[in-house]
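> Quick mapping for you: the protein sequence lines, in order, are chains F and L. The first sequence begins at 1244 in our numbering and counts up by one. The second sequence begins at 33 in our numbering and counts up by one.
Hints listed in this document are in silico derivations from the structure and should not be mistaken for laboratory results. For each residue, glycine too, the CB sits at the ideal point set by N, CA and C. Among the hints, a few may not be true.
As the list claims (entries may be wrong) - Each computed DSBU-like pair below joins lysine-lysine, with the alpha-carbon atoms no more than 30 angstroms apart:
#1 F:LYS1460 - L:LYS75
#2 F:LYS1457 - L:LYS150
#3 L:LYS147 - F:LYS1456
#4 F:LYS1427 - L:LYS246
#5 L:LYS147 - F:LYS1350
#6 F:LYS1457 - L:LYS147
#7 F:LYS1457 - L:LYS246
#8 F:LYS1298 - F:LYS1418
To be verified - Some chain F residues near chain L, calculated using beta-carbon distances under 7 angstroms:
#9 PRO1336
#10 ILE1383
#11 ARG1398
#12 ASP1399
#13 ILE1406
#14 ALA1419
#15 ALA1423
#16 SER1425
#17 LYS1443
#18 ARG1452
#19 LEU1455
#20 LYS1456
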Amino acid sequence: MLKKIFLITMMTLLALEGLSAITADEIIKRLEQNEGSMEASCTIQITDSLGTKTKSFNYTKSAKGDMMLEFTNIEEKGQKILRLEDEIYLYFPDAEEIIHLQGESLKDSVMGSDFSYEDLTKENKFENKYRAVLEGEEDIDGFPCYKVVATAKSRDVVYPKQILWVDKKLFAYRKAEMFAGSGKMLKEMFVREIKVVSGKSVPTYMEMRDPLKKNNKTVFIIKNLKVDMDIPDSVFSLEELSW
Amino acid sequence: MRKGFIISLAFKNLFRYTRRTIITSIAIAVGIAFFIWIDGWMKGIEKESERNTIQYETGSAQIMDRTYWDERDFLPLRFTLNHPDSMLEVLKENNIPATKRITFSAEVYFGDVSKQIKCIGINPETDNAVFNFKDEKVLLPSSRYLRANRDEIMIGRDLAENLGIDLDAFITADSETGTRPEAELKFRTRLGAYQTLTVKVVAVYNTPNPVINKAIGMIPLDIASSVLEMNGSVTEIAMLFPPWEDVNERIKGVAALFANTKDDLTVMDWKNLSGNPNIMEGKSKFLNIFLFLIFVIAAVGISNTLLMAVFERIREIGMMRALGMKDSSIRLAFLFESAGIGLIGSVVGLAIGAVLNYFMVTYGLDFTELMGSMDFGYRIYGVFRATWNPQTMVTAFLLGIISSIIISFLPSSRALKMEVTECLRYQ
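Here chain L stands alone, though its shape is the one from the complex (with noise of 0.2 angstroms):
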């Protein structure tokens, strides 16, 4: 029998049976939008999560000593890169943008309120080349980026509301001439005793990642470095490395620099630098196993329909059967019309899942007053946001007609299995 017969009937098909076809092709297209959609949320906080960690937090890569690494939590300054210049020098030689950075635990005063903070000591002229503080919209309005060798500091803007500093006066006085709310820092030095320093706040900023506006300050490494008499060592190193690159393969080159260095040094990527990396895998996975759930809902409501529309048309097959039409061509032009429903349904799904993805790339979803501050491990406020992933849009099209084909395969196999006979006395 032609080939061309077999598509013709299977398209006939789909439109004798418009409503069925109607009703199938929505299972299919509500199931691809909804992949589609759910894939693009997600990804888009996996991605602006991963910019937000490697902007604001960690940069792509840290070198640091390996026994300031194993004990991170502490923040042990006793555990230092001893020559962070000559070692930039050759990160520089291999143009890989890199500043050092001291960090180290604080307590800062303001008023009557104290408040435990991870403290930076940042290096003005360089910290740009992989971080993001100097970009005026992180900043808030009166706010100016820190000078070297002065006794200033930078805060986020969640630890300002904590500590009770006025935004309101803040961001209406002049900058340079203004008056600055003054804090006080209060910390261990590298040798283990109690300073103290007084600092001016300069800047509040405002980040998409909420870490570093909740529990961050800045001052200038110069004068940390003073103050914690760090004799020119500092924590670390953090480098930025191109975001099309691998960065596993990066941080091998990196530490093959540094291989025949004397010092006992680690590189570590922005995952384990932000936190437990199997944390953010089993989150993925999470993510996957959801994303699996969704298709498999999908997948069942198509298979009914299907079902439905093989089983009402059992009748017809004994005729088309007792006309001496082949058990073959019978199944590829059921085939045919399921691709065709698959297709029409992907084609409807891959539209509303395009447009709904527009909107939350555009716009996302606000759950800010829903979360308020709580802590889901995502670098990412409440405000979730799509990426665009043609990736899975391919892959939820072709999976519609594939699944659609596969699907009414069992259904059609039954119904050739029985008799001619049976098949017309069907009711």
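Here chain F stands alone, though its shape is the one from the complex (with noise of 0.2 angstroms):
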């Protein structure tokens, strides 16, 4: 009788647990809805073995994903990177000359990041190029996350594999591990910080490295956040873009 007992108690704990067990979808899903318009002041520094670069700007994004970057570091002042659905220009005020970049010059890295021009346009939605499976649970520095396993869909996307780390409580990354077809990690991304402004969940300083690469790293910081804005569509625009 006993067993009976302890048999249906434990049929109905791993029942209400499958009933309640989010999806690795569900995850993504939750994860993009922190997406939305923002303004902010950006800082990236870049190590690698001849130093540390800094360089800082203002990203402004609109809710549809639409996004203007200004230069303000002494080097670059006033470059301005503009990204309009797939499409990426690039302005320089000394020439005072706007680039469209496409093709092959997405591959090129911004400001000799570990960022690609590529990674700005990323406007297909994660779900749409991957194939996500929830593969348990870890802690990341003391924070629990969703461990997501997601496989690409087809062979044209940039990374054949990732691995992420999402935050249990905010649905923000924690950490994420991106391969290349042969099984390689070509980036590790770690989230030191994450700000919950109006409800968003936005990590505001992030570390990144090839872990090919030795004594090499880049970090991203971000200040100044305000979330969920009306931005005009004018700020998105070629003619702001050489303003």
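Taking the hints as your guide, dock the two standalone chains into a single complex.
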């Protein structure tokens, strides 16, 4: 009799666990719900064997994903990057020239960082590009996270495999690993700080490194963050870019 | 007046004023020798750069997709030759040595160091028909040429040094059983996904082309095709034409062979492939201007000494005219004398120029220390060697004589315009 009660209790608990369990797709959806319009001042610190370079810029992003980046550090002061849907435009104030990046040129690094212009254009939704599987739960820096393994649905996706650690409470990345087709890890990103602004969780301090390279790191810091703003479309225009 | 007398007079004058003849001849000789030396040097640089470009970098010409050519700075793998084997068959039927290649951008990692390089997938069986990497003189000791279907790489000496590969250990290890350094390549596939490949460095080459030694790696074509997901397509077909044939004519012929294919192809010569042809033409024009300036400097020197020679003999001219010698005969005597000085100067200049050129051809001048890794556009290292240029030697020889005659014409005319009495009173 006791055996029966134990069995029924266990089955009920397992069923309840199944009902309440979150799926990988839901985690990704919750992650993407944190996206939205944003204004911020950002700093990138690029460290390699030659030393550390710091670049700063103002960042503006619309709710539909258009983006304007204006550099404020001395070397690149006034240089701008505009993303309109899947198009990237660069503006160089010294030359007073707008350059439309397309094709292979999108693979170039943004100001020598571990980010490429292509990373800025990733408009295609994560769920369209990857098949995600929830592999369990792990703590990252003491925060409980979902571990999601995402495999590319097609062979034209830049990183054929990614492993994401998503904060269980905030639904923001705590860690991400990107892999090549051979299985070799190419990028490792740690999110050291997440801020909740207007109910949205935004990573504000990220470290990215290339495991194949020694002594390299790109630190991305977001300050003066504002989210869910009404930003007029005119901010994301070629006129504004060359203004 | 008999021509024999005038020639005899000119000949005697040559040796009557021995010091002046020697000084003027030296001026001509130095000008001609310098002209031959510099021209041989410049031509040598151009020729060697051309040879090094064709043998190690581009072949004589390449066939590629037109869009690939337009976007060549980014090495886009999306625009490729989809039927290279049938194209190679056509080239073979027309006795044109050719090989297919895949050129792509990659980052090579070795220990703590990484470098952005141009990686080329080569067919170890056929690449030697166009390029020269199998040459034992080019490969460092203990190197082994690539073998098909193996994860291995050949890299240039400068790249190996920059990556921190221990070349002393490399050249002393056995090429088959010894430990070979391993490097990691990171690149994007044809469709854009990241891919990596671990490769063994089986060969380090030291070509006379610094561009190739600095930033090029080569892996077997079948491996490149597989990891890049090329499905049998390649980025280019490189061809080799006999050096004596006109490259432009051959290119037209090759283009005609593939005129009816569906693909939008283009055939480019080695000049276009190795950089901006306008820059090369500009350099060539600069060299010609430089040579012209050398000639002008030499001509000014010659004219100066000849001018003095005529003016110091104005009283003599006056005396000959007073004795009844015709102006035309006096002028002819001066022209013959100048031609004689030009001939002596040209022979000596030719001899000195040939000796200088011989040393430049055989040993060259080593500017390696001075230039270091400075890139001045030509595909050569710091040792500058000259080439023999018979055309320039003949031209310089004739120019020495003709210019002496022309230059002496003006002062002799001026002397002949003077009155006989004025000539005799001339101090």
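> Determine for every hint whether it applies to the structure shown.
Outcome of the hint check:
1. With a C-alpha separation of about 49 angstroms, the suggested pairing of LYS1460 of chain F with LYS75 of chain L is violated against the 30 angstroms cut-off.
2. About 22 angstroms separates the Cα atoms of LYS1457 of chain F and LYS150 of chain L, which keeps this hinted pair within 30 angstroms; it holds.
3. With a C-alpha separation of about 10 angstroms, the suggested pair LYS147 of chain L and LYS1456 of chain F falls inside the 30 angstroms cut-off, and the hint holds.
4. For the hint pairing LYS1427 of chain F with LYS246 of chain L, the CA-to-CA distance comes to about 27 angstroms; that is within 30 angstroms, so the pair holds.
5. In summary, the hint linking LYS147 of chain L to LYS1350 of chain F is supported, as the alpha carbons are separated by about 16 angstroms, within the 30 angstroms threshold.
6. A hinted pair counts as satisfied when its Cα atoms are at most 30 angstroms apart, and LYS1457 of chain F with LYS147 of chain L qualifies at roughly 13 angstroms.
7. The hinted pair formed by LYS1457 of chain F and LYS246 of chain L meets the criterion: a straight-line CA distance of about 22 angstroms does not exceed 30 angstroms.
8. Restraint check for LYS1298 of chain F and LYS1418 of chain F: the C-alpha separation of about 23 angstroms stays at or below 30 angstroms, so the hint holds.
9. Given hint, PRO1336 of chain F at the interface with chain L, is violated; its Cβ is 24 angstroms from that chain's nearest Cβ, farther than 7 angstroms.
10. Interface hint status for ILE1383 of chain F: violated, as the beta-carbon distance to the closest one in chain L is roughly 24 angstroms, over 7 angstroms.
11. Taking 7 angstroms as the C-beta contact cut-off toward chain L, the hint placing ARG1398 of chain F at the interface holds, the least distance being around 5 angstroms.
12. For ASP1399 of chain F, the interface hint holds, since its Cβ comes within 7 angstroms of a Cβ in chain L; the closest pair sits about 4 angstroms apart.
13. The interface hint given for ILE1406 of chain F is violated, since its Cβ lies 15 angstroms from the closest Cβ of chain L, which is over the 7 angstroms cut-off.
14. Residue-level restraint check for ALA1419 of chain F is violated (minimum Cβ-Cβ distance to chain L is 14 angstroms; threshold 7 angstroms).
15. Interface hint at ALA1423 of chain F: satisfied, since its Cβ lies 4 angstroms from the closest Cβ of chain L, which is below the 7 angstroms cut-off.
16. Interface hint status for SER1425 of chain F: upheld, as the beta-carbon distance to the closest one in chain L is roughly 5 angstroms, under 7 angstroms.
17. Interface hint status for LYS1443 of chain F: violated, as the beta-carbon distance to the closest one in chain L is roughly 30 angstroms, over 7 angstroms.
18. Residue-level restraint check for ARG1452 of chain F is violated (minimum Cβ-Cβ distance to chain L is 13 angstroms; threshold 7 angstroms).
19. This hint holds: LEU1455 of chain F has a C-beta 5 angstroms from the nearest C-beta of chain L, less than the 7 angstroms allowed.
20. Because the smallest distance between the Cβ of LYS1456 of chain F and any Cβ of chain L comes to about 5 angstroms, under 7 angstroms, the interface hint for this residue holds.
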